[in-house]
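2 protein chains.
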Amino acid sequence: MIVETQTFQYPGRLPLQSGAGLDGFSLAYETYGTLNAARSNALLICHAWSGDAHVAGYHADDTKPGWWDEAVGPGKAFDTDRYFVVCSNVLGGCSGSTGPASPDPATGKPWALSFPIVTIADMVNAQALLADHLGIEQWACVTGGSMGGMQALQWAVAYPGRVRNVIALASTARLSPQTIALNEVPRQAIYADPNWRRGNYYDGNPPNAGLSVARMIGHITFLSDDSMREKFGRRLRNADNYGYTFEAEFEVESYLKYRGDAFTRRFDANAFLYLSKAMDYFDLSYGLPSLAAAFRAVTARFLVVSYTSDWLYPSWQSKELVRALLRNGIDVTYVDIESRYGHDAFLLEVDRLAELTRDFLGRQA
Amino acid sequence: MIVETQTFQYPGRLPLQSGAGLDGFSLAYETYGTLNAARSNALLICHAWSGDAHVAGYHADDTKPGWWDEAVGPGKAFDTDRYFVVCSNVLGGCSGSTGPASPDPATGKPWALSFPIVTIADMVNAQALLADHLGIEQWACVTGGSMGGMQALQWAVAYPGRVRNVIALASTARLSPQTIALNEVPRQAIYADPNWRRGNYYDGNPPNAGLSVARMIGHITFLSDDSMREKFGRRLRNADNYGYTFEAEFEVESYLKYRGDAFTRRFDANAFLYLSKAMDYFDLSYGLPSLAAAFRAVTARFLVVSYTSDWLYPSWQSKELVRALLRNGIDVTYVDIESRYGHDAFLLEVDRLAELTRDFLGRQA
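Here the protein sequences line up with chains L and W, keeping their order. Mapping of the first sequence onto our numbering: residues 1 to 365, in sequence order. Mapping of the second sequence onto our numbering: residues 1 to 365, in sequence order.
Relax, there's no trap hidden among the hints.
Remember, identical chains collapse to one label, so a pair may be satisfied in a single copy or spanning two.
Calculated lysine to aspartate or glutamate pairs in the DMTMM-like style (CA-CA distance at most 25 Å, straight line): (1) Lys-257 x Asp-283; (2) Lys-319 x Glu-338; (3) Lys-231 x Asp-283; (4) Lys-319 x Asp-225; (5) Lys-319 x Asp-226; (6) Lys-231 x Glu-320.
For the record, the hints were derived by calculation from the structure and aren't laboratory data.
With the rest of the complex left out, here is chain L (with noise of 0.2 Å):
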């Protein structure tokens, strides 16, 4: 399956939570399978902290096909010979969609720090004029994974009649406070390099150190202590004793290591910085008497899934969600997935997603 990356161009302004707004902003966005006469038919894949649109298929020179392939295609969990697939780079990132290292068009030069925050519902709004621009009045689903639930989610409350179906993995309606410190340490890991120069680096040595710990802390927290036995124990690299040095000894520390600087060479150390401010303000409750009554408005059907040994996302975060949904008499399956990879679960556990998903959205085709 060969695809290419599209862009949305948005002439228009863009309110933003905050107050602010953008002039204008693009969405780099991919699509697989065929829109229906009907239109019925169109199921959007909102993505994670790292991901884009790229999220099945092989372009042109691809050696590895998208980030969630195993997962995206015909027969598969998210089905194309049914749906008509839609992945779309959210706003803020640096896939090809506007963020802070976009020019900004009053000057030209990147926007750096001056790019306004962008929330989960500054996301989902941009993605809803890419909806309209495609001819999609209603998706037959969202769905995604962590911070792709939390689209999904706001998907569900921003807009109640476009939406038929949610189907919520690892995820969760507002950021616990362990959840942000594990946002907020990464951050002040970029702050601390000196490249980062409060977010100036375009003409110069970008933050990569700061960056590589940055996201070295995030794969600690998308595995699980579990995984980690399994996956390294205390196996060492390259000997059978112990060097007592301080070189990577040790395969977990050299697996975090590559991760941490692979992470450098495809990611924008600011746009890093913005995805988590996001995620960091994601809490339907906000400003509401309790969780409860963010889905008021809510009709879509939900499907959330949790992963038991899953500690970024845990599954009572899941649990509260439903909770919420069920005060609103809204349908709603959870399955809390009895799995070893923690978080990195719902990309993992494929075999029993397409399991749920044929069976949850095949209940009502």
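For this one, chain L is given, so just place chain W on it according to the hints.
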């Protein structure tokens, strides 16, 4: 209770686990209570990563007492009316004992990274020389939490005739890969600070930005998801509404930043690195067919305590230790204390600890 830190100077050579050695070293230590005539009531408290010899009471200029004052004193968990309590700063540290910030006798300049790697076994061997100096042939009890618990276990294994009881709190017999990962990322944060200069910062600015980030990671691991919700929730620091900036807004953010920055005023970054490596290398089963094999010669009785919400040294690690002790027919009592305080529980759940230590030590007295 006014106390003073004393210094033990050992002039001879201390062979190290790595094969290197130290020609002379110092240990800072404090004592509380009175050694009885039979010299049978000595109790050693081993401190954790960032601790020091000042476990209880007040120095003449103190505004607050030692780090475990609630647990150490007359009638407390470690009762100074009954025990002669000793606490020594570890070898490799920076609070009065020889470590990387100390002058290398060969050059007169700070060792920095030319200081040899020390292990938990080396720390304990140095403490054994302090015990000789104090005329203590056998400890009534060796205890500690976290890295302090590792030292207590190492004492029982390395000096079976010199330890009657071990009380190991929130600890482990070998570091898990997740904990190694949670040590490696803080190290990388320090390495990434240009002020670190491969450890040679003693004549310039220390790598405080890196050390602060390192410590912030630590603080997340000391707390629990639950305790963070209780302590901070999603509360904002100075406002009712989001500010949409990169300033610290959530209380949890400013707490971490404050703790990270405060740490740089009392701790040496290189010492932080050395102690983290000492923990990573800690594995009582290293070079043995099993963990049980490590305890074959052990004669001490054990009280092993874990805390249900401690995810840095989770209960399964204490259970693994208990099984290995039982395999050798060793007298061991295990308690998994229900607590919301995470790893910090070993410092905070003092009332329950007092009950346990009185009953455990009283049984033999």
